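Chemist: What follows is each chain in one-letter form.
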Amino acid sequence: MRVNPNPMPDLLAALNQSKLATQQATLELSTDRSVNQPSDNPNNAALLVVNNDQATFNAGYLQSISAVQGQLSTADSTLSSVVAALQQATNLGIEAANGTMSDADRAAIAVELQGIQSQLVSLANSSYEGRFVFAGTMTDKAPFVADNAIPPNVTYVGNAVVNKVSIGSGYQLNVNLPGSQLFSEPGSDVFSAVNNLIQQVQTNGDIADAVTAVGTASSYLSAQRAFYGNALNQADSQTTYLNTAKLQLAQQQNTLGAADLAAAASDLTQSQLNTQATLATMSKMTQNDLFDYLK
Amino acid sequence: MSGLFGTLSIALSSLSVSQQEMATTSNNVANANTTGYSREVPDVAAGDPIAEGSLSVGTGVVLQKIESLRDSILEIQLNQATQQQSQLNSSLAQLQQLQTQFASSTSGIGADISNFFNSLQQLSPDPSNLNLRQSVLTAASTLATDFNNTASNLQTQRSNLDLNVEQGVGQVNTLTAQIASVDAQISNLQNAHLDASSLVDTQTTLIRQLSGLIDVSVIPTNQGITLATANGTTLVSGSRSYALSTQLGSGNVQHIMAGSQDITASLTGGSLAGMVQIRDQEIPGIGTSLDELATGLATNLNAANAKGFDLENPSQPGGDIFSGTGAAATLKVTMTDPALIAASSDGTTGSNGNLINFANVAETALGNGKTPINSYASIVFQVGNDTSNTSSSADASSLILQQLQNQRGSISGVSLDEEAANLIQYQTAYQAAARVVSTVNSLLSDAVNLGLGAAVQ
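Protein chains in written order, with the working numbering: chain A, 1 to 295; chain B, 296 to 752.
Everything labelled a hint here was simulated from the structure, so no lab data went into it.
The reader is advised that the hints may include incorrect statements.
Quick list of in silico lysine to aspartate or glutamate cross-link-like pairs, EDC-like style, CA-CA up to 20 Å [what the hints assert, rightly or not]:
1) A:K19 <-> A:D267
2) A:K164 <-> A:D147
3) A:K295 <-> B:E713
4) B:K627 <-> B:E587
5) A:K141 <-> B:E607
6) A:K164 <-> B:D641
7) A:K164 <-> A:D260
8) A:K141 <-> B:D641
9) A:K284 <-> B:D407
10) B:K665 <-> B:E587
11) B:K602 <-> B:D632
12) A:K284 <-> B:E713
13) A:K164 <-> A:D267
14) A:K295 <-> B:D712
15) A:K164 <-> B:E658
16) A:K19 <-> B:D690
17) B:K665 <-> B:D407
As the structure is a computational prediction, the values presented were derived from the model and not from experiment.
Okay, chain B solo, but in the shape it has when bound:
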């Protein structure tokens, strides 16, 4: 196929390919800010040459495919980094909320303990003074109230987390269903040998979102992809998704179930793992420390009161100051009459001999081997330290994620400069091909009119 028509055909192939190239550029520009979009590049090749005698003549240009640029290893790393980052961020947000309860050294439980013992110290020079005795009861009730409030705030945070975990599982199920459905579409297109790039981008984005919630890894198979959590629970297999469920379990919280298997404790990444860690480890841990402190302190103070004699019944040992001593949440000052504080060691009004037993409680190690104030200080340290460590890890992990995203951008990101340069190139190619067409047209017109002009003349 040579001659002018051959040339025309070559020019037409060029026009057509240039148009498609410009369409690709246009699509890239349009999706420059689309999340998860991988830039596309046209893959063009010279048309198969034909032999004309001893010559081999080209037949123009062919668009072989439009290729999406992405690095699958990088996508896997990004999934992992996202899982880690989400886990740390959700932990950190909760820890920061948690530590506000323990932020002040001059108010709260720690200061309440100091103030309570100080109120007893003030009673010591004037042990029958009812105003000073009332101050002791007031300080005790402030202490009990702060124990109650802190315990209740911890419980509220835990309940909210529980709700978040339940919602998180719902989001996981929505995402896995979407991923499976997209996977089916991808398979259909690929079976028909059609381009599924944009669907792959969609699926990659969905998997990235899923990675924000749970620790999934992607395993490519012949029948699409398989998504499994780190402990081996399959969430998506090709076009099928397997929903997780929640079930009220031990600790009175929602456990995450894959079928009948409880996977709550085995989550290693994603915001669900972060929330579960705070809900099931951090908050109960602090709650236990608070309970130990409240119980130890209140029991010892009740015991100290029983060693002395009060103003009302000087012949009998003193009664309880606190009730509900089993937990920080239930601690309550049961004593309402300040005269019932057993300051006296012998039943006489003016004796302060039993107050030393109260003062000794401040110096006595509780079950955890620490004095009350040191027990509280170590809770403050624990919360602060956990928050600070998580914050550092989150910062480091965020840098890693940022670098990976940069790398992804350098491979898959749309550069407007590049697209502009390509556009010029494609435009020029189109203009040149159009010029070839008009030249061939003019030549053909010459050929058609060959000799005609002479006759007219």
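If we strip away everything but chain A, and leave its shape as in the complex, we get:
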């Protein structure tokens, strides 16, 4: 069969092919990615969109957890101070119940107890980044208001709503306890217990009974405090889980879209060799035909 006398279009097509391969390999090497356009691998390109979404959510949950942790820790350490203050009140009550105490001594203790009461109100009105942590969701104003009576009556003006924050897909964490539940629970009302103690000390009444009531309020509060400990523990273990997931998502992203650098480098070498071979063929091609010998 007669051979096509003009091989140039074939050679140009071959040259184009090897240059295309060079371009693809160079792109992979420079971006470190094998999926640079959806057509490089349509399925993986779509999965990468979902992967990026999951990674964004994962990072978002981690960020939320650290925001929530600050609030939870503040509430937890505040309650710890409240329990310590109540312990101090109990100690003062026991001291006042001692028969050797004079009226003046008890008056002095009562003043000290009033100081503790103000400290307790102040602790119950603790805020984190401008938000009152024991106000339910009425975080913009102090939840406990003391009147001018001596000892003051303390009333709760917050609500009993609990906020939830997502810290995982379908995983919501309760992030607050309403102040009413912590400080004003009937039977364990912290402020009434301390008020009662002050009154009993002032009047030298049934101090022992009042001390017991403060102790009851303190134990109740300690039990409630476990909520914050639990929440912090959940946040911690979820952080560990999310960090593992983050790693897995990063690995998945690699599998889906990262370039195989060794393969890309070898492709590059191969395509450059092809280009050189084609160019060499083309340059030889033009030199030889019969006319050259007719001299």
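Fit chain B to the known structure of chain A by using the hints.
Modeler: Just chain B now, with coordinates in the frame of chain A:
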């Protein structure tokens, strides 16, 4: 006619034929790189012998015709392969342009959707924080802007394609007019029994160019050729050409008209078919998916905001975040005050109870049965898959075209080696004939001077 003059006459025929053969070779060499040129070979035959008594004596050589070597079946296959290749290449170029809009998984609409929901998630621990609320509005506006830009880029590409289609139709008309005019010249030459090879080459080249644009098939007839598209529209009939026209039609794009018949949708090959396919199918398809996504997402988010209460009017349900929710192109963030995001489920400042309704939008299937992010991922898949498939088809089709061109080259291509060999052959034949002439001349001179020499001596 025998004797020395007869010999002279034979030698002269040889000289003349050798010259014409060398002219043919020269023409071949000259046109070695001419597109569409088919090499020519001289067809020579021995002259009719004459009877001289019982002998039959040759009368030299006759050039019967100069034949162009071409395979008409191959030309038809080449036309078809060209149509397919042009269609795929023009589709591919447009798809490659299209897919750049959807190339990144970490930016663009997909990432915007993820970032928007993440901004709401960040608002959840501190729902009254105005900075965090502003981030939500900023993320929403980035999302809306990217929807707008993508939709507008799609529209721009579509408008450019529309213009290209119009220009393509103009080129088709120019080519069909030229083909018809060449056909008239060919008929004239053939009626006068003259060689029309080079015009046939020209016509073949023009038809090949036309095949790059539209799906024509060639039907040879007694009155020249007829060119018709696959759906039967006649473009050229002998020396007459029939122009196509464009007319603004449904979809607000130019429709291709043959007379009053709309042939836009029935084109099956050539770059026009490729462009029409992208303009009328691919881009509107992606546009619809984008609109569905934008509409579904924005409507659901507005509905989520209406379920809660904002910081400004805690007694009334929240207002709209987005306006222009009918299409990706018109989507806009209408909310300017971050305090108006209805994070609260009960009107209290610190409540984040309604944010779960926003978060649920991310998990809720839209009208297409997919969640927002999966809807976007499937657009990415569709564009990538269409591009990748078209690219593979274009590669395969280009190989076919290349092989056909090789075959054509092996039949019609000019080989310089061959031409050089022919040249030697013709040159030698000419030299030999010239030698015969000089020998006959010398013999005739001898004959004229016969006996004269003896007298002189």
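Chemist: With reference to the structure, classify each hint as holding or not holding.
Modeler: How the hints compare with the structure:
Annotation: proposed proximity of K19 of chain A to D267 of chain A holds, straight-line Cα distance about 11 Å (limit 20 Å). With a C-alpha separation of about 32 Å, the suggested pair K164 of chain A and D147 of chain A falls outside the 20 Å cut-off, and the hint is violated. For the given pair, K295 of chain A sits about 17 Å from E713 of chain B by alpha-carbon distance, which is consistent with the 20 Å threshold. For the hint linking K627 of chain B to E587 of chain B, the alpha-carbon distance of about 15 Å falls within 20 Å, and the restraint holds.
As the CA atoms of K141 of chain A and E607 of chain B are separated by approximately 16 Å, the hinted pair is consistent with the 20 Å bound. Only pairs whose Cα atoms come within 20 Å are accepted, and K164 of chain A paired with D641 of chain B is accepted, the gap being roughly 14 Å. Using a Cα cut-off of 20 Å, the hinted pair K164 of chain A and D260 of chain A is violated, with the two alpha carbons roughly 44 Å apart. Between K141 of chain A and D641 of chain B the alpha-carbon distance is near 16 Å, which keeps this suggested pair within the 20 Å criterion.
Straight-line distance between C-alpha atoms of K284 of chain A and D407 of chain B comes to about 55 Å, which puts the hinted pair past the 20 Å bound. Restraint check: the Cα-Cα separation between K665 of chain B and E587 of chain B comes to about 11 Å, which is no more than 20 Å; the hinted pair holds. Taken as a hint, the K602 of chain B and D632 of chain B pair is honoured in the structure, with Cα atoms around 18 Å apart against an allowance of 20 Å. Restraint check for K284 of chain A and E713 of chain B: satisfied, since their Cα atoms lie roughly 19 Å apart, inside the 20 Å limit.
Our distance criterion of 20 Å between C-alpha atoms is broken by K164 of chain A and D267 of chain A, whose separation comes to about 53 Å. Restraint check: the Cα-Cα separation between K295 of chain A and D712 of chain B comes to about 14 Å, which is no more than 20 Å; the hinted pair holds. The suggested pairing of K164 of chain A with E658 of chain B holds, with an alpha-carbon distance near 18 Å, which does not exceed 20 Å. Note on K19 of chain A and D690 of chain B: the hinted pairing holds, with a Cα-Cα distance of about 15 Å set against a maximum of 20 Å.
Under the criterion of a C-alpha separation no larger than 20 Å, the hint pairing K665 of chain B with D407 of chain B is consistent with the structure, at around 17 Å.
Hints 2, 7, 9, 13 from the list above are not met by this structure, while the remaining hints are.
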